[in-house]
Amino acid sequence: MSEPHKDLLQIEDLNKDEIESILAAAQPFKELFKRSVKKVPTLQGKTVLSLFYEPSTRTSSSFEVAANRLSADFTSLAVASSSVVKGETVLDTVDTLGAMRADYIVIRHKKAGIPNLVAEHTDASVINAGDGFHAHPTQALLDASTLYDVFGKLDFSGKKILIVGDILHSRVARSTSRIMTMLGAEVRVLGPGTLVPPGRPDKMKKFKNYEEAMDWKPDVVYLLRVQFERQGEQFFPSSGEYHSVYGLNEERFNKIKDEGVWVMHPGPVNRGVELADSVTTYDRCLINRQVENGIATRMAVLYWLKPQTFQQDG
Amino acid sequence: MDDLILLKQASVASEDSTDLFENDVLVENGVIKAVSSSLNASDGTRVIDAKGKVLLPGLFDVHVHVREPGQTSKETIRTGSEAAINGGVTGIVAMPNTVPAIDNGGMVRSVLEIAGRDSRVEFFTTGCITKDRKGKEMAAIGGMKEAGVVMITDDGSPVENPQLLRRAMEYAREFDLPLASHCETMHLSGAGAMNEGKRSYKLGVPGIPSISEEVCIARDIQIAAYTGAHLHLQHVTTARGMELIRRAKNDGVKITCEVAPHHLIFNENDIVNYDTYFKMNPPLRTEEDNEKLLEGLIEGVFDVIATDHAPHTEFEKKQQDFETAPFGITGLETALPSLYHHYIKEGKFGWDLLVKRYAAEPRRILNLDQVSVKEGSRAELVLFDPQATTTFSQEFMKSKSPNTPFLDKELQGSVDLVVNGEEVLLDRSDGAA
Numbered sequence: 001m002s003e004p005h006k007d008l009l010q011i012e013d014l015n016k017d018e019i020e021s022i023l024a025a026a027q028p029f030k031e032l033f034k035r036s037v038k039k040v041p042t043l044q045g046k047t048v049l050s051l052f053y054e055p056s057t058r059t060s061s062s063f064e065v066a067a068n069r070l071s072a073d074f075t076s077l078a079v080a081s082s083s084v085v086k087g088e089t090v091l092d093t094v095d096t097l098g099a100m101r102a103d104y105i106v107i108r109h110k111k112a113g114i115p116n117l118v119a120e121h122t123d124a125s126v127i128n129a130g131d132g133f134h135a136h137p138t139q140a141l142l143d144a145s146t147l148y149d150v151f152g153k154l155d156f157s158g159k160k161i162l163i164v165g166d167i168l169h170s171r172v173a174r175s176t177s178r179i180m181t182m183l184g185a186e187v188r189v190l191g192p193g194t195l196v197p198p199g200r201p202d203k204m205k206k207f208k209n210y211e212e213a214m215d216w217k218p219d220v221v222y223l224l225r226v227q228f229e230r231q232g233e234q235f236f237p238s239s240g241e242y243h244s245v246y247g248l249n250e251e252r253f254n255k256i257k258d259e260g261v262w263v264m265h266p267g268p269v270n271r272g273v274e275l276a277d278s279v280t281t282y283d284r285c286l287i288n289r290q291v292e293n294g295i296a297t298r299m300a301v302l303y304w305l306k307p308q309t310f311q312q313d314g
Numbered sequence: 315m316d317d318l319i320l321l322k323q324a325s326v327a328s329e330d331s332t333d334l335f336e337n338d339v340l341v342e343n344g345v346i347k348a349v350s351s352s353l354n355a356s357d358g359t360r361v362i363d364a365k366g367k368v369l370l371p372g373l374f375d376v377h378v379h380v381r382e383p384g385q386t387s388k389e390t391i392r393t394g395s396e397a398a399i400n401g402g403v404t405g406i407v408a409m410p411n412t413v414p415a416i417d418n419g420g421m422v423r424s425v426l427e428i429a430g431r432d433s434r435v436e437f438f439t440t441g442c443i444t445k446d447r448k449g450k451e452m453a454a455i456g457g458m459k460e461a462g463v464v465m466i467t468d469d470g471s472p473v474e475n476p477q478l479l480r481r482a483m484e485y486a487r488e489f490d491l492p493l494a495s496h497c498e499t500m501h502l503s504g505a506g507a508m509n510e511g512k513r514s515y516k517l518g519v520p521g522i523p524s525i526s527e528e529v530c531i532a533r534d535i536q537i538a539a540y541t542g543a544h545l546h547l548q549h550v551t552t553a554r555g556m557e558l559i560r561r562a563k564n565d566g567v568k569i570t571c572e573v574a575p576h577h578l579i580f581n582e583n584d585i586v587n588y589d590t591y592f593k594m595n596p597p598l599r600t601e602e603d604n605e606k607l608l609e610g611l612i613e614g615v616f617d618v619i620a621t622d623h624a625p626h627t628e629f630e631k632k633q634q635d636f637e638t639a640p641f642g643i644t645g646l647e648t649a650l651p652s653l654y655h656h657y658i659k660e661g662k663f664g665w666d667l668l669v670k671r672y673a674a675e676p677r678r679i680l681n682l683d684q685v686s687v688k689e690g691s692r693a694e695l696v697l698f699d700p701q702a703t704t705t706f707s708q709e710f711m712k713s714k715s716p717n718t719p720f721l722d723k724e725l726q727g728s729v730d731l732v733v734n735g736e737e738v739l740l741d742r743s744d745g746a747a
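Residue numbers (my numbering), protein chains in the order written: chain F, 1 to 314; chain H, 315 to 747.
Treat the hints as calculated values from the structure; they're not laboratory data. Hints may be right or wrong, so weigh each one.
Unchecked claim - Here are the computed lysine to any residue pairs in the SDA-like style, where the Cα-Cα straight-line distance is at most 25 Å:
1) H:LYS516 <-> F:GLY232
2) H:LYS512 <-> F:THR181
3) F:LYS30 <-> F:SER56
4) F:LYS6 <-> H:LYS632
5) H:LYS516 <-> F:GLU186
6) H:LYS512 <-> F:LYS30
What the hints assert, rightly or not - Chain F is nowhere near these chain H residues, computed Cβ spacing over 12 Å in every case:
7) THR386
8) SER387
9) ALA454
10) ARG554
11) LEU608
12) LYS632
13) LEU721
Glycine is no exception: its CB is placed at the ideal position from the N, C-alpha and C atoms.
So that you can see chain F by itself, here it is in the shape it has in the complex:
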């Protein structure tokens, strides 16, 4: 069964049917982008407000483009630099947004659970655009949408996905591994011992090194961004050493090319750290496709969610 939800807070709140509904809804939007007029009137008169408490370029602009292409009014509050520093709490800000009659609130925050808290206090649909280490559900959906294109079906059974890097601080790893597993794929991880925590799900087996991981014959290598900004302490000696031990360097890349492995990355890429320069021009590198699908998937999410504010139309 697939009933539209008020909020999108974490992948765990969706069942397989619901995920499939959202991903299916994204497909016509992808077709739309091939036309000269890329806009539909679906959300005309509705308001999307974005609250990014953490800097972001691609996610916030992706939501903005998605809202615009659905003909919604989009406003972003530069909260990182305004009232927050004056001691206003997130909920105070949300109250203000309520007064502005926002129908959708897109929120990113460095603390886990903030979107959950906000969702309890507003009739607007809350879309989690990344909270702390917790969740990034639209990233997971766009990743699944991208592999849907590549695999040609929504059943990922038998597919193997290797996630490489900082699992500990990654909301992408949590959300994307969850959705991939739900769709039938097997997910395993590789990364520094400091950044692959034992608290991860048991079925996410850990490899010791690239050689062992490549012997597993993954279909997809998903590189995570090294989140220097999240690390108040040292988890590996240097970015140079990270690249040589866990980076997709030229030598490993050649092997990946030979075997036709797909490469993904949530962006933005630290060139020369997670991957060598040449990877981005590889024809099975899906990084740009992920960005493109991000817009269609976020349109599908806005289209699928049901804000409580609509009921006031009677």
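With the hints as your guide, set chain H onto chain F.
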């Protein structure tokens, strides 16, 4: 106040016996005059039908935050003492992390003066180990002892500098003051907000690893063994930490320790939808720790049960996210019913354990006068009805703050009557015979 109270057919609990003995208990002028199978009431005696109800000595909590002075929107000495009464607790020991902190004799005197006016239960205070709990310089330990503190602690923080802790132990030892440790290694806790493990991974909340507590317990035990001071370890939460204590006690190190009801009853998996009423420090650990801590309590590793009653306003807890909200939950009002509900009713342990660990030993480790349900004892009594239930609604609770995981939950048992000396502090008994 009636000068004479006769409790008829009460099931009397003591620390010495797993059995309850049905007896009549006569209280005269604040003292237990007689305990016998059949007592007759003289004129003017208030008679209370206590059949089927458990009569126990007033409970004593060595770990309470009353937030006064400085944070009286969370709690005051008055409301804290009323919360204690509501839970059958007739003696409390206040923590010194007030604003300003209780770190000198003058502060101790002023807090005890407020308590003399506002507290309706026996009130004791601790003082800081270090000035303003900053861990830099020793506080006025001798001066605070003279003013009446029963223990010193920087509760809420560890004394990070081991040399300073050692000196404080050596110094406090000569005043016969126990030094209580909040065991945590700050570099290991970092920005953690809950136990590090599967649950913290899933919620994406930074974790506090068990080693943060255990490393500090190990360190403090070694320093206590070296100095010969009385070390009291507060709110122990991990099985491994507890085993370190068990071993040290067997080796003869002078240690006492406490366990909190919430660390026995709840674990990390109870943290659902970022509910901050399950956030405290040290955090809820694992289900296995629940089981091991309960075993330890039954086997006598833990000297006392203490709640770490830590009120915070609804705003602080519910209008903020899990990571930002302060650590701490209240406990005075729920401790007895929750321990009855989860353990005594289920036959996991008896009333003797509860009396020993939450009434007798807490007074003993602080060298305070004992009370018991025996002839000649000062009357500090709690009458508990195991047949009734209690719902912990905001209206029911007397604490200023509602931050308990039991909020709006129903537990088996009810505190019906609380007597402290000549005063009846609480009377919900409708059993006037």
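Do the hints match the structure? See the list:
no. : hint                  : in the structure
1   : H:LYS516 <-> F:GLY232 : holds (21 Å)
2   : H:LYS512 <-> F:THR181 : holds (17 Å)
3   : F:LYS30 <-> F:SER56   : holds (23 Å)
4   : F:LYS6 <-> H:LYS632   : holds (21 Å)
5   : H:LYS516 <-> F:GLU186 : holds (18 Å)
6   : H:LYS512 <-> F:LYS30  : violated (37 Å)
7   : THR386                : holds (21 Å)
8   : SER387                : holds (16 Å)
9   : ALA454                : holds (35 Å)
10  : ARG554                : holds (16 Å)
11  : LEU608                : holds (24 Å)
12  : LYS632                : violated (9 Å)
13  : LEU721                : holds (16 Å)
Hints 6, 12, counting from the list given before, are not met by this structure.
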